[in-house]
Structure formats: C-alpha cells, structure tokens
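Trainee: Sequence:
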Amino acid sequence: SGRSKTIEVQIRLRDHLKRYPDFYNEEIFREVIEETESTFKEI
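The working numbering numbers the first residue of the sequence shown as -1 and each following residue consecutively.
It should be emphasised that the hints constitute simulated quantities derived from the structure, not laboratory data. Just to be clear, a hint being listed does not mean it is correct.
[What the hints assert, rightly or not] Each computed DMTMM-like pair below joins lysine to aspartate or glutamate, with the alpha-carbon atoms no more than 20 Å apart:
1. K3 with D13
2. K3 with E35
3. K3 with E33
4. K16 with E29
5. K16 with E6
Could you put together the complete structure from these sequences and hints?
Mentor: See below:
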C-alpha cells in the first residue's frame, strides 16, 4: 500500500476506537498518536 506506517497505525487505532469507544479515553488516545508520530519520524 502507498500509505505510510503512521497513517496505517492511526487508521487502525481509530477503527478500534469506533468498535470499542470506551476502551480508551480521548487523552490517552491523543498521547498514543503523538508517540506514534514521533516514533516513526525517528526511524
């Protein structure tokens, strides 16, 4: 696929959140996205 890994991870996380909206609160979700983005920038 032409998508970057970061976008792929974000899409999967958002899909998971749609299925399990109570699984994460929004604050944790935002931290995960920020960590994911910074991790992939370092690679």
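Trainee: Does each hint hold? Answer for all of them.
Mentor: Hints, verified against the model:
1. K3 with D13: OK: K3 and D13 at ~15 Å, within 20 Å.
2. K3 with E35: holds, 9 Å
3. K3 with E33: holds, 13 Å
4. K16 with E29: holds, 17 Å
5. K16 with E6: holds, 15 Å
No hint from the list above goes unmet by this structure.
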